[in-house]
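Q: So the chains spell out like this:
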Amino acid sequence: MTTFRIRGARILGGDPTDLLVRDGVVAAVGADADAPGAESVDADGLVALPGLVDLHTHLREPGREDAETVLTGSRAAALGGYTAVCAMANTDPVADTAGVVEQVWRLGREAGLVDVQPIGAVTVGLGGERLAELGAMADSAASVRVFSDDGHCVFDPRLMRRALEYVKAFDGVIAQHAEEPRLTVGAQMHEGVVSARLGLTGWPAVAEESIIARDALLAGHVGARLHICHVSTRGSVDIIRWAKARGVRITAEVTPHHLLLTDTRAESFDPVFKVNPPLRTAEDVEALREALVEGIVDIVATDHAPHTTEDKECEWAYARPGMLGLETALSIVQDVALDRLGWDGIAERMSRTPARIAGLTDHGRDPAPGVPANLTLVDPAARRQVDPGSLASRSRNTPYAGMTLPGRIVATFLRGEATVLDGKVVK
Amino acid sequence: MIHDLLSAADLDADSATLILDTAVEMAAMADRDIKKLPTLRGRTVVNLFYEDSTRTRISFEAAAKRLSADVINFSAKGSSVSKGESLKDTALTLQAMGADAVVVRHQASGAPHRLATWVDGRVINAGDGTHEHPTQALLDAYTLRSRLGGIAGRHVAIVGDVLHSRVARSNVLLLHTLGAKVTLVAPPTLVPVGVSEWNADVSYDFDAVLPSVDAVMMLRVQRERMGEAYFPSAREYSRRYGLDPVRVSRLPEHAIVMHPGPMIRGMEITPEVADSPRSTIVEQVANGVAVRMSVLYHLLGGFK
Numbered sequence: 001m002t003t004f005r006i007r008g009a010r011i012l013g014g015d016p017t018d019l020l021v022r023d024g025v026v027a028a029v030g031a032d033a034d035a036p037g038a039e040s041v042d043a044d045g046l047v048a049l050p051g052l053v054d055l056h057t058h059l060r061e062p063g064r065e066d067a068e069t070v071l072t073g074s075r076a077a078a079l080g081g082y083t084a085v086c087a088m089a090n091t092d093p094v095a096d097t098a099g100v101v102e103q104v105w106r107l108g109r110e111a112g113l114v115d116v117q118p119i120g121a122v123t124v125g126l127g128g129e130r131l132a133e134l135g136a137m138a139d140s141a142a143s144v145r146v147f148s149d150d151g152h153c154v155f156d157p158r159l160m161r162r163a164l165e166y167v168k169a170f171d172g173v174i175a176q177h178a179e180e181p182r183l184t185v186g187a188q189m190h191e192g193v194v195s196a197r198l199g200l201t202g203w204p205a206v207a208e209e210s211i212i213a214r215d216a217l218l219a220g221h222v223g224a225r226l227h228i229c230h231v232s233t234r235g236s237v238d239i240i241r242w243a244k245a246r247g248v249r250i251t252a253e254v255t256p257h258h259l260l261l262t263d264t265r266a267e268s269f270d271p272v273f274k275v276n277p278p279l280r281t282a283e284d285v286e287a288l289r290e291a292l293v294e295g296i297v298d299i300v301a302t303d304h305a306p307h308t309t310e311d312k313e314c315e316w317a318y319a320r321p322g323m324l325g326l327e328t329a330l331s332i333v334q335d336v337a338l339d340r341l342g343w344d345g346i347a348e349r350m351s352r353t354p355a356r357i358a359g360l361t362d363h364g365r366d367p368a369p370g371v372p373a374n375l376t377l378v379d380p381a382a383r384r385q386v387d388p389g390s391l392a393s394r395s396r397n398t399p400y401a402g403m404t405l406p407g408r409i410v411a412t413f414l415r416g417e418a419t420v421l422d423g424k425v426v427k
Numbered sequence: 001m002i003h004d005l006l007s008a009a010d011l012d013a014d015s016a017t018l019i020l021d022t023a024v025e026m027a028a029m030a031d032r033d034i035k036k037l038p039t040l041r042g043r044t045v046v047n048l049f050y051e052d053s054t055r056t057r058i059s060f061e062a063a064a065k066r067l068s069a070d071v072i073n074f075s076a077k078g079s080s081v082s083k084g085e086s087l088k089d090t091a092l093t094l095q096a097m098g099a100d101a102v103v104v105r106h107q108a109s110g111a112p113h114r115l116a117t118w119v120d121g122r123v124i125n126a127g128d129g130t131h132e133h134p135t136q137a138l139l140d141a142y143t144l145r146s147r148l149g150g151i152a153g154r155h156v157a158i159v160g161d162v163l164h165s166r167v168a169r170s171n172v173l174l175l176h177t178l179g180a181k182v183t184l185v186a187p188p189t190l191v192p193v194g195v196s197e198w199n200a201d202v203s204y205d206f207d208a209v210l211p212s213v214d215a216v217m218m219l220r221v222q223r224e225r226m227g228e229a230y231f232p233s234a235r236e237y238s239r240r241y242g243l244d245p246v247r248v249s250r251l252p253e254h255a256i257v258m259h260p261g262p263m264i265r266g267m268e269i270t271p272e273v274a275d276s277p278r279s280t281i282v283e284q285v286a287n288g289v290a291v292r293m294s295v296l297y298h299l300l301g302g303f304k
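Protein chains in written order, with the UniProt record's numbering: chain A, 1 to 427; chain B, 1 to 304.
Calculated from the structure, these hints are not laboratory results. All figures in this text were calculated on a predicted structure; none of them were measured in a lab. From the three backbone atoms N, C-alpha and C, an ideal C-beta is built for every residue, glycine too. Check before you lean on any hint, since a few could be wrong.
Computed, partial: chain A to chain B, Cβ under 10 Å [as the list claims (entries may be wrong)]: (1) 180; (2) 184; (3) 185; (4) 188; (5) 194; (6) 197; (7) 204; (8) 269; (9) 270; (10) 343.
Far from chain A by the CB rule (all over 10 Å, computed), these chain B residues [unchecked claim]: (11) 65; (12) 114; (13) 192; (14) 194.
Bound conformation, chain A alone (with noise of 0.2 Å):
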């Protein structure tokens, strides 16, 4: 196992100083942190960050390979600085038996770019109407604690009430994708001035904010912990605000394209900017920076969400809804909170508390010695154009090509080794 000595990085942009990184933890920070024959890794003028968590991530393996598989969804992953990612269960076969979650386990470790987390589903095939064998994914090699019908709204409140209240008994959460599906029924954007003027469907605010003040209602009542996937509307942010305050156990993420990209971009009909829940308007764009400053939304998922040309090189009503996320998550969030957050408060919602949601002990550490070396090196000053062509991911469908982005991964450590060195991953 290779040995390395960080040289002059700037902790949480602290002062600069080195890292030794041996034996897969950190093994001395400053002046002390060298070795003989350690490979040195010149970090002047970056940023190290505890490894990015994503607790929303489409691998789209087993089923669908041809947009992503667990290793090209790896590699993105590393790239953009993660060294954790939650795995989606909406795969085919769906991710809601014992034997899905551990083989999409496995293929991770395989991988070995990151730590691949499995959700299971709630649901038996994500139908919504049974639920799936919660304990026995719990209970597998892949340890499932988060468990999410994403795609689909767990609409059934008795069946909600029921799964928030059983997986309590292994500390697990219910990841809700809050869409109130006859409010949604042939939903094509977000309802407002521009859906009017496209004749688009349209998929209104109230279809998220109506399930998150129900399921905020429900996990207090049953004392259970709830997850809000990708909150997108201002409405959204004001009752997770009052379920907060009012003691509700409620975590809710957003995503780096509903913190940058707004509805007008639908006047393109290009479906790469296609997504569910919709991209909304400037107002709810706004809401949601102060929210993520504030803490009201907890985290950033990048929800990454691979499709085929085919699925997206169509008519905007046939394309699949989804954006790629891995590869410029971090690039966005410094590019619209950086200034209020500072780097403590990014990893923070990048990495900390992800981790803490998803009960990954050994993610969102501090660098500092004794801790499991999984980190990421950023240069803030750097500035790159984004290249669809150029993206480690198997699709193309990024939303945000063309598009000038401050930030660059240089590398990644995933307990100790190396992942990504001088911005292009190891293997």
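Fit chain B to the known structure of chain A by using the hints.
A: Using the frame of chain A, we list chain B on its own:
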């Protein structure tokens, strides 16, 4: 002149007026023995229709043929499209065959915009989903102008399923460009959220609007909307928003009754009204050919 006609918003007042003026000349030609101009000889116009619309397709076909263009009709039924070929592959095929213009009708909003990114030829939107139908708006403007003597300052009521209507969207845009005042009349369920940004007033009370309008444009209302709870029953819809002789009697003497077709007699319009001298419904069809000739002429061969 513009490259493609995807939205009525692509036209400013000058270019819209130019198209309408040219359409007058084109219409005059229909009275000649030989109804044909050599303008587009050697040019290929493809009618790419993903949705059944005999009336619009025939109108475009007649327009292109009267300008001597070669016309290829490409219907989604019985073609490679029904075997699952993508819009992009179809576009590349048309491109390879040298289509100078593609007239596209599609059930998905925005499909013509996508098509325009894949072909070099001109793209004319012949109706896309619930988005727009710009040549319908042009022929409606032509009809209004010929019947009322002008458009600026006139008041037009657009009545019916505004939410799902591409005709309404294009008409609101073009009529505003040409200086008319527009009032949308519909039950609140059939008015889109976000309509406040449109250059149009909204009324839920048809009877209150009638005395002040110069034209009433009725929109088709599909009975299936009942199942989605937009209104309780066809009968109640007709009572509140249908155009019958009693309502027509409250219109100013000179006001005209328009309908883009196909109409549902007994639903949004009674047969007596549809067939009355105030109705321009048949005239609109005839005007459609002249307006589409003008659009093809300006996009493909006319003034540089």
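Q: For each hint, tell me whether it holds in the structure or not.
A: For each hint, the structure was consulted:
The restraint placing residue 180/A at the interface with chain B is violated, with a minimum CB-CB distance near 15 Å, outside the 10 Å limit. Given the 10 Å rule on beta carbons, the hint for residue 184/A is violated: about 13 Å separates it from the nearest Cβ of chain B. This hint holds: residue 185/A has a C-beta 8 Å from the nearest C-beta of chain B, less than the 10 Å allowed. Annotation: interface hint on residue 188/A holds; nearest CB of chain B at approximately 8 Å, less than 10 Å.
Of the supplied interface hints, the one on residue 194/A holds, with its beta-carbon coming within about 7 Å of a beta-carbon of chain B, less than 10 Å. Below 10 Å, beta-carbon pairs count as interface contacts, and residue 197/A has one with chain B at about 7 Å; its hint therefore holds. Interface restraint check for residue 204/A: the shortest CB-CB distance to chain B comes to about 7 Å, inside 10 Å, so the restraint holds. The criterion of a C-beta within 10 Å of any C-beta in chain B is met by residue 269/A, whose closest approach is roughly 3 Å, and the hint holds.
A least Cβ separation of about 8 Å between residue 270/A and chain B falls short of the 10 Å threshold, and the interface hint therefore holds. Contact between residue 343/A and chain B, as hinted, is not supported at the beta carbon level, the nearest pair being about 40 Å apart and thus beyond 10 Å. Under the 10 Å C-beta cut-off, the non-interface status given to residue 65/B relative to chain A holds; the minimum distance is some 29 Å. With a least CB separation of 6 Å from chain A, residue 114/B falls inside the 10 Å interface cut-off, contrary to its annotation.
Under the 10 Å C-beta cut-off, the non-interface status given to residue 192/B relative to chain A is violated; the minimum distance is some 4 Å. Residue-level check failed: residue 194/B sits 3 Å from the nearest beta carbon of chain A, not beyond 10 Å.
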